[in-house]
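Protein chains in written order, with our numbering: chain C, 30 to 397; chain E, 1484 to 1728; chain D, 130 to 435.
Just so you know, the hints here were simulated from the structure itself, not pulled from any lab data. Just so you know, these numbers come straight off a predicted model, no measurement behind them. All the pointers check out, no bait thrown in.
Under the rule of at most 20 Å between Cα atoms (straight-line distance), these lysine to any residue pairs were calculated in the SDA-like manner: (1) D:Lys370 / E:Glu1663; (2) D:Lys266 / E:Asp1499; (3) D:Lys405 / D:Lys419; (4) D:Lys373 / E:Glu1663; (5) E:Lys1614 / D:Leu150; (6) D:Lys147 / E:Pro1620; (7) D:Lys419 / D:Gln400; (8) C:Lys38 / C:Pro240; (9) C:Lys38 / D:Asn261; (10) D:Lys419 / D:Arg359; (11) E:Lys1489 / E:Thr1555; (12) D:Lys364 / E:Asp1714; (13) D:Lys218 / E:Ser1566; (14) E:Lys1598 / E:Glu1611; (15) C:Lys228 / D:Thr177; (16) C:Lys38 / C:Leu244; (17) D:Lys370 / E:Val1652; (18) D:Lys266 / C:Asp47; (19) D:Lys310 / D:Arg334; (20) C:Lys393 / D:Val202; (21) E:Lys1705 / D:Lys364; (22) D:Lys373 / E:Asp1659; (23) D:Lys260 / D:Pro223; (24) D:Lys373 / D:Leu413; (25) C:Lys48 / D:Thr226; (26) D:Lys284 / D:Ile317.
Which residues of chain E face chain D? A few of them, derived with a C-beta cut under 8 Å, are: (27) Gly1523; (28) Gly1648; (29) Pro1651; (30) Glu1682; (31) Pro1701; (32) Phe1717; (33) Ala1721; (34) Arg1722.
We put the CB at the ideal spot given by N, CA and C, even for glycine.
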Amino acid sequence: MEQFINFVKKEFAHVWRDKKTLLILFGMPVIQILIFGFALTNEVKNSEIIVLDQAKDQASQQIIGRIAASRYFHIQSSVMNKEKIEEAFKQGKIKMAIVFPAGFNETLLHQGKAQIQILADASDPNTASMLTNYVSSIIQDYLNSIDKTAVIPYSIVPEVRMLYNPQLKGAPNFVPGVMALVLMLVCVMMTAISIVKEKETGTMEVLLVSPFSPLLVILSKAVPYLILSLINVASILLLSIYVLDLPVNGSIVLLFAESTLFIITCLSLGIFISVKTDSQQMAMLISLMGMFLPTVLFSGFMFPIENMPYPLQLISNLVPAKWFYIIVKSIMIKGVGFSAIWKETLILGSITVVLLAVSLKSFKIRLA
Amino acid sequence: MEYVIKTDKLTKRFGDFVATNEITFEVEKGEIFGFLGANGAGKTTAMRMLCGLSMPSSGTATVAGFDVYKQTEEIKRNIGYMSQRFSLYEDLTVQENIRFFGGIYGLSNQEIKTKSEDLLEQLGLKNEAKKLVASLPLGWKQKLSFSVAVLHQPKIVFLDEPTGGVDPVTRRQFWDLIYEASAKGITVFVTTHYMDEAEYCNRISIMVDGKIEALDTPANLKSQFKVNSMDEVFFELARGAKRSD
Amino acid sequence: MSGPFAIEVNQLRKTYGKEQLVAVDDVSFHVNKGELFGLIGPDGAGKTSIFRMLSTLLLPEKGTATVDGYDVVADYKQIRETIGYMPGKFSLYPDLTIEENLRFFATVFGTTIAQNYHLIEDIYVQIEPFKNRRAGKLSGGMKQKLALCCALIHKPTVLFLDEPTTGVDPVSRKEFWEMLKRLKEQNITILVSTPYMDEAALCDRIALIQNGKILSINTPQNMIEQYPERLFAIKADQMYKLIKALREYPEVMDCYAFGEYAHVSFKGALQEIKLKAYLETKGLVQIEIKPAAPTIEDYFIKLLKN
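Bound conformation, chain C alone (with noise of 0.2 Å):
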């Protein structure tokens, strides 16, 4: 144990006198925070969506019939309360709920003016408002359609409520995307740099040829990126709350226990890429390529995944950073508990113990 503990110190040591990487390890959340706060626009398409019909009328029906026609929509099923759609957001099945109260166009025919309640999960504020804005447009269309006939022009009122983020505030969507690149980032690159250097310097050698357990070696590599990470978990939040105004509504401790799995998935991916290698360059260039891009494409929190052709969603379900995606989003923003987000955290934690598993499987005790 004291072996190991002297290990972890000059692990530490390594960390803290190079000051230039010490400084881009912290700096990096905050420059990327403040960088993804120009929030980005993308088109949705097939977003799902519910439809409680109250009214099932004329009116209603051709409504939903232009709604279900449009590429922008897939209503999912109609359901009869509203508890459904709540439970529906909650699961993150759906982006947006339509209802349509009782009598609908009866009252618009003889009031002339009738209300829509749109609902939308706005924890994704661009697709949120994109999407209302979208239902907006067919409402109009509808009524352009009908007003031909009509003396007095009709009038359809969208109640329109964002839900978890009212204020759509872009915040929100990428702070867990920040989260989860400064994590992947930091334990991916940072850790299978530090045990390639190792190789590269020769004390890779010494170490194997000592009594001390090679699998210490690389766990005492592991630990200092580990804390590292939950600094930088911290730093973030700490950011979106008091620079950016925007609490985490769930629990911290939850929060931080989800990050702690994600951090150790990286950092298995940071030894095998380790094991795999012989540079630094190499071992950064994997680890850019072949960790940072796919994260930043298949997370879903800049490229949303619902758009993309179904080969690439199933490749998405591979990406852990995807689940942690979902997992800090939920608990930052929706602020629901562990029952949740169980299964996104399972499907993680498989991951990890795979990742986890291969890696010290394929580290050698030899050096070929």
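Given the coordinates of chain C, assemble chains E and D onto it according to the supplied hints.
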């Protein structure tokens, strides 16, 4: 006498550390000049200044008639350089290396063609021309590397520990190349850790703690220190060194 | 477990890559307990591969080897407990200080600096004044001393030193060999490799190695005595001219530069007056001809040329 290198109180400071302290010496045309010193004595720093890679702090020096302060580009065109650490691109073939280095020293394609044929013939590497440098034994690499460094017939060639780790037969073949270059009028400026190689030089200088403490022919140095070998001369001088890199 | 030898190597073989480049070609030798054994050969001769197989870092392709009686493949854990290993590049952490490096390697081997301080004291006192300096800022000679301390700190029974003097100046090299001699007195078996022929004479026994093959194993003294021809040292005012002239002389069997002299062997008996006259016709002056005592380097050159 024609001097190709002439320095006067050449000094390089890094902060308050004086790496090279007022060194003054001349090297004659066609001479094989051994530049010795313990690790950290200031050899590398001095060599960098002479190659136009590092600006001196004070003092003057000319290399091939050009000033080390203002005419570094001219200097680089008139010197060749080879070190143990970097010499050739391992992932290029023998021929590609010759073509590349000939090219950066401004030789025309025609010149490169004829010269590389001569060179391959002379080194007995004709059959290896299309092989990757990485696949050659170390000794061959070093010989090839030297030949490439003098391909453009520089006035001076700087050799930084050119024979480290090479077997004794190849080491001697390497020195044959050096002698030949010298016979053609190319001045050879060489550092080495092999003291027997110091004997092969026309004159040698020994640096200790940034200063040149001895400069003469091997025979004169031995009689000056009243010892039988260069090894002992070196040991006498370097033993008193205070610093190391 | 303890056999008669500290190291025993039998028909060891190692090839690399798809082309099956032979790095170590069926090498056999043994090292006695407490012996200072040298593997002498140029870079690329296969010395490092042998070291790595013996220190359990590489698996041999063929053949067997034991260190301290333990098999290098099956008993690698026991070997790792008992040996000290200093790789060719002096593996140290450049961003840690002298003291931190030493302490770290002590803990890795499950010991403390204090426990075996007597072993390294001689060497450590020389670098102790700089103990707070980072290893990356040390000279080659000091790095080498620190690396040796790190390899010794757990009191190994067998010490593997892979080219400890490469790139180190002659003064530091000399000091280093004096340290090795003192370590031998502590009953530590030392296997050392070097490309410098002059260091060979300082070993108890040496193996000359080239292209993965051992050319000869013997004591340095015996090797010199085995030198088959009479060797002469010849000197003149111009070395290159002298060598060229000698090579053209029909009676000369072999001739090469050796320090300030050329070492020459002849096909028959040397006719000194005739040779001197010949050299004078070639424009050489200050000619000196004397018998020379062969060295390990002469012997190695002889073996390489055969």
